[in-house]
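Chemist: Chain by chain, the residues run as shown.
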Amino acid sequence: MSILLEDVHLTYSPGTPFSADALREINLKITPNQIVAVIGHTGSGKSTLVQVMAGLQRPSSGRVLMDDFELYKKNSDRRLLRRKVGMAFQYPEHQLFEETVEKELSFGLQKQGRSIDEVHLQIRKAMGFTQLTEDMLGRSPFELSGGQMRRLAIASVIAMEPDYLILDEPTAGLDPAGRDEILAGLQAWQRETKKTVILVSHSMEDVAKLADQILVLANGKLLMSGSTREVFSRGAELQEVGLDVPQMTSLMLALRNKGWDIPPYAMTVEEAYQVICEYLGRVRP
Amino acid sequence: MNMLKGVTIGQHYPADSVIHKMDARFKIVMILLYVIALFMAAGPISYGLMIVFAISVIICSKIPLKFIIRGLRPILWIVGFTLILHTFSTQEGDLVWQWSRFSVYNGGILRGVMMGLRLILLISITSLLTLTTTPIDLTDGLEALLKPFKKIGLPAHELAMMMTIALRFVPTLIEEADKIIKAQTARGADFEEGGLIARGKSMLPILVPLFISAFRRADDLAMAMEARCYRGGENRTKMKELKSGVRDYLGVISLSLLMAIMMYFRFSKLDSWTALL
Amino acid sequence: MISPTLLIDIRNLSHVYQGPDSQEIKALTSVDMDIRPGEFVVILGANGSGKSTLAKHLNALLLPSEGTVLIDGLDTVDDQALWSIRQRVGMVFQNPDNQIVATIVEDDVAFGPENLGLPPAIIRERVEEALAMVGMSEFRAHAPHLLSGGQKQRVAIAGIVAMRPRVVVLDEATAMLDPQGRHEVMAAIQTLRSEGMAVILITHHMSEAVLADRIYLLSSGRVIAKGSPKEVFREREMMQSLGLDIPQIKQLAALLKSKGLIDTDDVLNVEEMVKQLCPSC
Numbered sequence: 001m002s003i004l005l006e007d008v009h010l011t012y013s014p015g016t017p018f019s020a021d022a023l024r025e026i027n028l029k030i031t032p033n034q035i036v037a038v039i040g041h042t043g044s045g046k047s048t049l050v051q052v053m054a055g056l057q058r059p060s061s062g063r064v065l066m067d068d069f070e071l072y073k074k075n076s077d078r079r080l081l082r083r084k085v086g087m088a089f090q091y092p093e094h095q096l097f098e099e100t101v102e103k104e105l106s107f108g109l110q111k112q113g114r115s116i117d118e119v120h121l122q123i124r125k126a127m128g129f130t131q132l133t134e135d136m137l138g139r140s141p142f143e144l145s146g147g148q149m150r151r152l153a154i155a156s157v158i159a160m161e162p163d164y165l166i167l168d169e170p171t172a173g174l175d176p177a178g179r180d181e182i183l184a185g186l187q188a189w190q191r192e193t194k195k196t197v198i199l200v201s202h203s204m205e206d207v208a209k210l211a212d213q214i215l216v217l218a219n220g221k222l223l224m225s226g227s228t229r230e231v232f233s234r235g236a237e238l239q240e241v242g243l244d245v246p247q248m249t250s251l252m253l254a255l256r257n258k259g260w261d262i263p264p265y266a267m268t269v270e271e272a273y274q275v276i277c278e279y280l281g282r283v284r285p
Numbered sequence: 286m287n288m289l290k291g292v293t294i295g296q297h298y299p300a301d302s303v304i305h306k307m308d309a310r311f312k313i314v315m316i317l318l319y320v321i322a323l324f325m326a327a328g329p330i331s332y333g334l335m336i337v338f339a340i341s342v343i344i345c346s347k348i349p350l351k352f353i354i355r356g357l358r359p360i361l362w363i364v365g366f367t368l369i370l371h372t373f374s375t376q377e378g379d380l381v382w383q384w385s386r387f388s389v390y391n392g393g394i395l396r397g398v399m400m401g402l403r404l405i406l407l408i409s410i411t412s413l414l415t416l417t418t419t420p421i422d423l424t425d426g427l428e429a430l431l432k433p434f435k436k437i438g439l440p441a442h443e444l445a446m447m448m449t450i451a452l453r454f455v456p457t458l459i460e461e462a463d464k465i466i467k468a469q470t471a472r473g474a475d476f477e478e479g480g481l482i483a484r485g486k487s488m489l490p491i492l493v494p495l496f497i498s499a500f501r502r503a504d505d506l507a508m509a510m511e512a513r514c515y516r517g518g519e520n521r522t523k524m525k526e527l528k529s530g531v532r533d534y535l536g537v538i539s540l541s542l543l544m545a546i547m548m549y550f551r552f553s554k555l556d557s558w559t560a561l562l
Numbered sequence: 563m564i565s566p567t568l569l570i571d572i573r574n575l576s577h578v579y580q581g582p583d584s585q586e587i588k589a590l591t592s593v594d595m596d597i598r599p600g601e602f603v604v605i606l607g608a609n610g611s612g613k614s615t616l617a618k619h620l621n622a623l624l625l626p627s628e629g630t631v632l633i634d635g636l637d638t639v640d641d642q643a644l645w646s647i648r649q650r651v652g653m654v655f656q657n658p659d660n661q662i663v664a665t666i667v668e669d670d671v672a673f674g675p676e677n678l679g680l681p682p683a684i685i686r687e688r689v690e691e692a693l694a695m696v697g698m699s700e701f702r703a704h705a706p707h708l709l710s711g712g713q714k715q716r717v718a719i720a721g722i723v724a725m726r727p728r729v730v731v732l733d734e735a736t737a738m739l740d741p742q743g744r745h746e747v748m749a750a751i752q753t754l755r756s757e758g759m760a761v762i763l764i765t766h767h768m769s770e771a772v773l774a775d776r777i778y779l780l781s782s783g784r785v786i787a788k789g790s791p792k793e794v795f796r797e798r799e800m801m802q803s804l805g806l807d808i809p810q811i812k813q814l815a816a817l818l819k820s821k822g823l824i825d826t827d828d829v830l831n832v833e834e835m836v837k838q839l840c841p842s843c
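Residue numbers (this note's numbering), protein chains in the order written: chain A, 1 to 285; chain B, 286 to 562; chain C, 563 to 843.
These aren't lab readings, by the way, just hints derived from the structure by calculation. Fair warning: this is a prediction, and the values are worked out from it, not measured in the lab. A portion of the hints provided could be inaccurate.
[Stated by the list, open to error] Distance windows between CB atoms, simulated: (1) PRO582(C) <-> SER60(A): 33 to 39 Å; (2) ASP68(A) <-> PHE496(B): 39 to 45 Å; (3) SER60(A) <-> ARG501(B): 31 to 37 Å; (4) LYS258(A) <-> GLY600(C): 36 to 42 Å; (5) LYS432(B) <-> GLU793(C): 56 to 62 Å; (6) ASP135(A) <-> LYS435(B): 52 to 58 Å; (7) ASP68(A) <-> LEU361(B): 43 to 49 Å; (8) SER227(A) <-> ASP301(B): 52 to 58 Å.
All C-beta atoms in this analysis are idealised placements derived from N, C-alpha and C, irrespective of residue type, glycine included.
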């Protein structure tokens, strides 16, 4: 059970003066039951990469396999693909269209031919993870606030319970409260369903808090892939390709430079606080 | 996104040529004159002249012939269809070929070729207009030509503004449609199954968000335009003013001459296709 | 009493509108604000704090339900003054795409001056000047849909600058941008300031607010704090509950200060934190 990309290349408009290499020689493997973050500078190919994984963008060459199911083979089973992977694009609330929240949530499930009871159950599960309430079901999606619409759009994808859930910048444009809500919901969903979440993000702080594994893209190539700690301990390389490390990690590195004997990373404010307290307690009792 | 690249009508091809530098108002009028001349051309010499004119304009525009030909590809099937239609339905001249109910007269072939040529010339010349004129110059030119009609209530400036905004947002909306289609596909929406009604309904997940987005954009844009002191066409100036020059007058005169020749040939019947038969 | 040195003078501004269920919603209550020429002021608040509503009063896109808004002495309710006000107060909005009107960058930057009825040669000058100011001169002939978010916003800024306003208001202009775009816009703001324009930035990012001369902190339609960044950010408990984007370093500083491990929580970046933790290093 995993996602496998073998030698994937993608060139837009090949053979014309507008041709552009979006992805080059991508070889990667994503194992199940974790949260994977895809980071990279603007134009590095992040969005393209996750669309390829979601079966929505055919690569120019190479293979994409999901649990041994080859996505882009001729006559591959589209329905099976849709059950396996779900995707939420940037600003997913721009894709809402149904008359009621309930219909919006049920859309994907009905396309999958699920029974009314199943739909009922799945919708409520998804609502639980996205703080949507029963009284919203009969309302029009367009009456909701911006943050609620975002949660609704994501819920409609979660409701389909895909094995692989892909989200392109799910917190883009949200205020801190909205961001925390979405990320907490995604984390809870992943912990309970033990499925795989892949998210594209620009916030190193969000990534540090949530991700188990990180894929770093630069200029269409996979620069590095590894656990969150591994990747963020290579701060200099990240900065070379226009990325940053989380602020707390930055602080740890700066303190180490001053001779502090502490780990070279901290993923959250709490972690940094603990490390500093422990160090100061040791050194200045 | 790829569909944007193959279509040459509406695209602009930047180059430093006489044609590019011509005043948009004159170019628009010249297109009209050419089209009128084209419909009056009635024989091989006339068509020959029209073709020579078109080719010389293309050469002067410094746009590679290959590019123009590539732009003709989408309409090739219409040309072919026209050719076949006229070939098999016209009964002029001598019988050339027959097979059961199908008869082909050389007059029909001639007519088919003529119609096909007309289409090709029409598309090429109108493509040339957009290829050599920036969208803003084009809308400015239209606005200027329509200004006299303001007296009878035609909103020339507003029409031009609408055209500019539409042209500006077409690529943006296409990108958005692309994204929406992918997003709904990811939720299992299918746009290829079912009969006419089912397919119509399946377009809702794309059309509703697209329309809502378009309205939202319009709202935002109106506010932004107001914030930048837009209040319609009154007392508004333009950074790029259309300036006519010698080459524009030469252009119009040469086309008027062409038109006159066509008219003469037509009405004097000095040049006609039937002479070939 | 109109103070001639005040660029923007807002007294007792309230804004009431009708909600979806026909109830009265007070978006702003008794707001006082003054802006002087050349100042960099941030209006800081979470979503729903009323900051965007306040912004729209600055160029008469909205009119007061109570109170007055004076721009360079001109009253926003005065119909005749509308266009003078909008020339003085330029506004850049949140959505980079939905502000660009023309099919080519330089034509869009020219839009504002064209509306002002300036002669073509002057417009041309202004456009060049504005594009240079935001670093987009080489993109003058580009189509806008091919630009990145940050580039589009810079074009929008140029379009405003070309009208030679006295104030540039940026209404959450970085909200839809990635870090690189955000950086580009903040850099453009610094250039505007060096050219003598006042800048009013509406945001919920504390990291952007720390660069201001003064901050107005909004919550539920009221100004609950105002002053220099140091003064406003001193009240930490309030900040946490306001739903603002507080940099992690500041959150850490709060924790460390409460434990007595550092002297002050007036720490805005990594360098300052290191100095606090290790003064002798």
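Chemist: Of the hints given before, which are not true for this structure?
Modeler: 1
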